[in-house]
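Protein chains in written order, with this note's numbering: chain Y, 1 to 742; chain X, 1001 to 1232.
The hints are simulated quantities; they were obtained by calculation from the structure and are not laboratory data. Please note that a few of the clues may not be correct.
Unchecked claim - Using 27 Å as the maximum straight-line C-alpha spacing, the simulated DSSO-like pairs for lysine-lysine come out as follows: (1) Y:K717 / X:K1206; (2) Y:K570 / Y:K653; (3) X:K1146 / Y:K717; (4) X:K1087 / X:K1110; (5) X:K1146 / Y:K689; (6) X:K1206 / X:K1228; (7) Y:K671 / X:K1183; (8) Y:K224 / Y:K208; (9) Y:K247 / Y:K224; (10) X:K1177 / Y:K717; (11) Y:K716 / X:K1177; (12) Y:K686 / Y:K709; (13) Y:K686 / X:K1144; (14) Y:K66 / Y:K24; (15) X:K1146 / Y:K732; (16) X:K1146 / Y:K716; (17) X:K1183 / Y:K732; (18) X:K1087 / Y:K732; (19) X:K1183 / Y:K713; (20) X:K1144 / Y:K739; (21) X:K1228 / Y:K713; (22) Y:K732 / X:K1144; (23) Y:K717 / X:K1228; (24) Y:K732 / X:K1121; (25) Y:K713 / X:K1177; (26) Y:K713 / X:K1146; (27) Y:K663 / X:K1183; (28) Y:K716 / X:K1206; (29) Y:K717 / X:K1183; (30) Y:K716 / X:K1228; (31) Y:K686 / X:K1146; (32) X:K1146 / Y:K671; (33) X:K1144 / Y:K717; (34) Y:K689 / X:K1144; (35) X:K1146 / Y:K739; (36) Y:K716 / X:K1183; (37) Y:K732 / X:K1206; (38) X:K1144 / Y:K716; (39) Y:K713 / X:K1206; (40) X:K1124 / Y:K732.
The model shown is predicted, which means the values in this text are computed figures rather than measured ones.
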Amino acid sequence: MNQREIIDFHEGWKFMQNGITKLKSILEGAAETHFTSEEHIMLYTTIYNMCTQKPPHDYSQQLYDKYKESFHEYITSSVLPSLKERHDEFMLRELVRRWQNHQVMARWLSRFFFYLDRYFISRRSLPPLMEVGLTCFRELVYQEVKVKVRDAVISLIDREREGEQIDRALLKNVLDIFVEIGNGLMDFYEKDFEDAMLKDTGAYYSRKASNWIVDDSCPDYMLKAENCLRREKERVSHYLHSSSETKLLEKVQHELLFVYATQLLEKEQSGCHALLMDEKVEDLSRMYRLFSKISGGLEPVSNTFKQHVTAEGSALVKQAEDAVSQKKTDKKDVVGVQEQVFVRKVIDLHDKFMAYVNNCFLNHTLFHKALKDAFEVFCNKGVAGSSNAELLATFCDNILKKGGSEKLSDEAIEETLEKVVKLLAYIGDKDLFAEFYRKKLARRLLFNKSANDDHERSILTKLKQQCGGQFTSKMEGMVTDLTLARENQTHFEEYLNNNPTANPGIDLTVTVLTTGFWPSYKSFDLNLPVEMVKCIEVFKEFYETKTKHRKLTWIYSFGTCNVNGKFESKTIELVVTTHQAAALLLFNTSNRLSYQEIMAQLNLSDEDVVRLLHSLSCAKYKILNKEPSTKVISPNDVFEFNGKFTDKMRHIKIHLPPGDEKKKVIEDVDKDRRYAIDASIIRIMKSRKVLGYQQLVSECVEQLSRMFKPDVKAIKKRIEDLITRDYLERDKDNANLFKYLA
Amino acid sequence: MPRSSSRKGTTNLKESGNSPVMDLFRGGSSKSSSKDIGRHDQLFYTYANHSLDMIDPDGIVSLCSDLGVDHTDVRILMLAWTMQAEKQGYFTLDEWRRGLKELRADSISKLQKAVLDLENKVRKSSSFPDFYSFAFRYCLTEEKQKCIDTESICILLDLVLGCQFRAQVDALTQYLKHQTDYKVINMDQWNAFYRFCNEINFSTFKNYDPNLAWPLVLDSFVEWMQLKRGKA
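Okay, chain Y solo, but in the shape it has when bound (with noise of 0.2 Å):
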């Protein structure tokens, strides 16, 4: 039997040590020749028998600690001294150099000592032979330098900032050892080197920061903190390890931008609010981009935005008003050119802004924000005592009826028509300017004013989208009433040609509307002339054999009449008002009548005779002379029938200006209100049963403001008006809470 010869310990260990003295010289960087597989094999079989052998010759043990003494012997030797004896980036160099010899020395040695991986280590729970020997290099050479190291690398780092060139590709292989050191754990790294160099950093920038913000401007200071956070980005992809890009970058941020946040941006001739005011654009963008990196950035920024725009607003608003007072004294209650004026631009500014928001803001929330409230204040200012519910339905108004101020292509149209709605949406009022709009839509529907039907209908599509389709449901009723009427004055046609003894001799036209969708307009008992008495009864006839469970009032301030002036030169065709009409038919019967006669025939208020009259004698075209002959109408002037009067046109329009709508509106609106904050109120209190006030209070707000923005005193005075009713009754315990009395 071929029986192994028992090596001895010292002669196999002094082979091996042949060995390990050969890798050093290699290492070292002596012109050896490298290992044969023969030279390895033997090796790693001496290990293999050493460790094979039977007690008392099994030496795995000792050769696991000689492995280990071979690491130290050799650091302390060579290594260590070596590097003692180099400074800054020579030592560097120096490290990296005996780090990466150590690597392929425990790589040749672990692979001659594997058998002792293979079973000695696990069975007696001891580190693997790669472990031990980065263990021996960490505690033995690491340990020694790594502060020396650290600082020689912070300081290289620094001479980058300040623009020197350096060997990245050095620093990059000595942070690799701080990584590659722990052995999978992050924490060499970031205790002995990361926490300084943050530490470092810090300082670094707080000084050039302490200098920079009192030599720069705000736009200038911003670049030179936007190249210097991109240039340690790039230090970290160049040399840093990946883990201290977020913490490097906030280090940075904080220095520059958090510290100094509040002087950068109030900086006096070149801070955000003068940014604002130069509109300079690309430092905006360049502020938002800096500022939304640290935490609370953006408050301060969009705070000065949102008090910019308010001020420009503001600013249109004052314009206009003093415009508005420079205007004669007469024409005030009308909303007239300043104030077309004046919402364009508002448009304008919004679209200016709105695109400061979407462009230099990145469509952030913050600022979105802003932009409401800012508009929201000086939208709700109104102008010249016109609220901006009443301009806006005005500004509609001018561009959806013929003639109109406003000339536009169809599709500017659109496009205003879409802004105008936008603009809806920061003004509380929206009731308000529904009820104006709805005025000045009947107007147009009933006098055919109304340009195009498209555009009709198109802004109540948005309109719709906008407020819903509570908002709308009356305007949509009202456009659908005129084309039923169109139909049912085909039918009226009809019914007159069937039955000829029952047509009154004048062509009659009658639009009938149904109540709940139009305005509310004060009904007077005209007299009507003789002639046109008979037109209606003949019409309700007709109407009744169409219906019989409707009722019909006359609004005779929308009629029309084409009437035949039989002047002395030639007979003209004036196209007047019911009203007018009728005052004119007057002086069929009589030459000359005085105001309270004309007054007392027609049954009219002072108000309209004075329009009426005015419009007939004082305008442009003077059908009747005046006594005495001055430009306003007084209660004794007396009318004569003015048969002189001619004019080139065979057919003319006599205007009849409306009346003050703005007082009824808002009549009308307020009463409107108190219902709903009634109903509001009960409907509250029916599904809560008991409430405390504040909470009805705000519920009742809230459930409202889609419309308007209710007054608290007025919700107040409806609570109490309820419980007089019956409907709530207060606590008796608790004098704050409401009970529901069903």
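For chain Y, the structure is supplied; the task is to place chain X on it using the hints.
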């Protein structure tokens, strides 16, 4: 006239078991002998209008003169409250009996003593709030009437609260006469006046919060007072 049934939630004063008036006269026996009742009725019929079977305004005037108290005196109001009288100017037999039983009076002299002492007792008692509410209801003379005109309110306030809250009553009276928003005052507002006097620091109004559910009339009153005092 019977009270309208639409007024819910108010104490049903007919249930004498729950009567807050009982608080006034605690202790002692409330046993009434038929002899006592007889005397009550007798007394009643000396003042009553026999066709109505009630004491009518004339009878009350006569009663008052016998008691030596003017019929506009607060004590007569208190007497009415003690009786839980429903209709102003009239006392029914039941009400009379109730009242006199409470007051332990079966003769005119005893009644006189009791009435003279009544003001003290009522003002100090814990059922004063009930009396306060009663005062308002008692003045609702028309059927379905829910409010009282401000002139009368001022008089009533003076009568009922004048002793305890002189300053408040004077100021409130002045305000009610000065303002034009409210021509009448309802029960809810009336009750609030009392709460106001009790809870609010009249010299500073510091603890008055218009954001709470105080009636609007008081919000305006406090505003008006603060303006006035601001000038002073």
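Checked hints:
About 23 Å separates the Cα atoms of Y:K717 and X:K1206, which keeps this hinted pair within 27 Å; it holds. Distance restraint check for Y:K570 and Y:K653: the Cα-Cα separation of roughly 16 Å lies within the 27 Å cut-off, and the hinted pair is therefore satisfied. For the hint linking X:K1146 to Y:K717, the alpha-carbon distance of about 16 Å falls within 27 Å, and the restraint holds. The hinted pair formed by X:K1087 and X:K1110 meets the criterion: a straight-line CA distance of about 25 Å does not exceed 27 Å.
A threshold of 27 Å between alpha carbons decides the hint, and for X:K1146 with Y:K689 the separation of about 24 Å falls inside it, so the pair holds. In summary, the hint linking X:K1206 to X:K1228 is supported, as the alpha carbons are separated by about 16 Å, within the 27 Å threshold. Between the alpha carbons of Y:K671 and X:K1183 the distance comes to roughly 21 Å, so the proposed pair stays at or under 27 Å and holds. Using a Cα cut-off of 27 Å, the hinted pair Y:K224 and Y:K208 holds, with the two alpha carbons roughly 10 Å apart.
For the suggested pair Y:K247 and Y:K224, the alpha carbons sit about 20 Å apart, so the restraint of at most 27 Å is met. With a C-alpha separation of about 20 Å, the suggested pairing of X:K1177 with Y:K717 holds against the 27 Å cut-off. At most 27 Å may separate the alpha-carbon atoms for a hinted pair to count; Y:K716 and X:K1177 meet this at roughly 22 Å. Taken as a hint, the Y:K686 and Y:K709 pair is honoured in the structure, with Cα atoms around 22 Å apart against an allowance of 27 Å.
A hinted pair counts as satisfied when its Cα atoms are at most 27 Å apart, and Y:K686 with X:K1144 qualifies at roughly 25 Å. Among the hinted pairs, Y:K66 with Y:K24 is consistent with the structure: their alpha-carbon atoms are about 16 Å apart, no more than 27 Å. Distance hint between X:K1146 and Y:K732 is fulfilled; the C-alpha atoms sit about 18 Å from each other, no more than 27 Å. The suggested pairing of X:K1146 with Y:K716 holds, with an alpha-carbon distance near 19 Å, which does not exceed 27 Å.
Straight-line distance between C-alpha atoms of X:K1183 and Y:K732 comes to about 26 Å, which keeps the hinted pair within the 27 Å bound. Restraint check: the Cα-Cα separation between X:K1087 and Y:K732 comes to about 24 Å, which is no more than 27 Å; the hinted pair holds. The hinted pair formed by X:K1183 and Y:K713 meets the criterion: a straight-line CA distance of about 18 Å does not exceed 27 Å. Of the pairs offered as hints, the one joining X:K1144 and Y:K739 holds, with about 22 Å between alpha carbons and a cut-off of 27 Å not exceeded.
Taking the CA atoms of X:K1228 and Y:K713, the gap is about 21 Å. The hint holds against a cut of 27 Å. Of the pairs offered as hints, the one joining Y:K732 and X:K1144 holds, with about 22 Å between alpha carbons and a cut-off of 27 Å not exceeded. Our distance criterion of 27 Å between C-alpha atoms is met by Y:K717 and X:K1228, whose separation comes to about 24 Å. For the hint pairing Y:K732 with X:K1121, the CA-to-CA distance comes to about 24 Å; that is within 27 Å, so the pair holds.
Of the pairs offered as hints, the one joining Y:K713 and X:K1177 holds, with about 21 Å between alpha carbons and a cut-off of 27 Å not exceeded. Taken as a hint, the Y:K713 and X:K1146 pair is honoured in the structure, with Cα atoms around 22 Å apart against an allowance of 27 Å. As the CA atoms of Y:K663 and X:K1183 are separated by approximately 26 Å, the hinted pair is consistent with the 27 Å bound. Our distance criterion of 27 Å between C-alpha atoms is met by Y:K716 and X:K1206, whose separation comes to about 21 Å.
Taking the CA atoms of Y:K717 and X:K1183, the gap is about 14 Å. The hint holds against a cut of 27 Å. Proximity of Y:K716 to X:K1228 is assessed by CA-CA distance (about 24 Å); at most 27 Å being required, the pair is judged to hold. Note on Y:K686 and X:K1146: the hinted pairing holds, with a Cα-Cα distance of about 23 Å set against a maximum of 27 Å. As the CA atoms of X:K1146 and Y:K671 are separated by approximately 24 Å, the hinted pair is consistent with the 27 Å bound.
At roughly 21 Å between alpha-carbon atoms, X:K1144 and Y:K717 fall within 27 Å of each other, so this suggested pair holds. Proposed proximity of Y:K689 and X:K1144 is supported: the alpha carbons are some 25 Å apart, at most 27 Å. With a C-alpha separation of about 19 Å, the suggested pair X:K1146 and Y:K739 falls inside the 27 Å cut-off, and the hint holds. Taking the CA atoms of Y:K716 and X:K1183, the gap is near 18 Å; set against the 27 Å cutoff, the hint holds.
Restraint check for Y:K732 and X:K1206: satisfied, since their Cα atoms lie roughly 24 Å apart, inside the 27 Å limit. Restraint check for X:K1144 and Y:K716: the C-alpha separation of about 24 Å stays at or below 27 Å, so the hint holds. Among the hinted pairs, Y:K713 with X:K1206 is consistent with the structure: their alpha-carbon atoms are about 20 Å apart, no more than 27 Å. A threshold of 27 Å between alpha carbons decides the hint, and for X:K1124 with Y:K732 the separation of about 21 Å falls inside it, so the pair holds.
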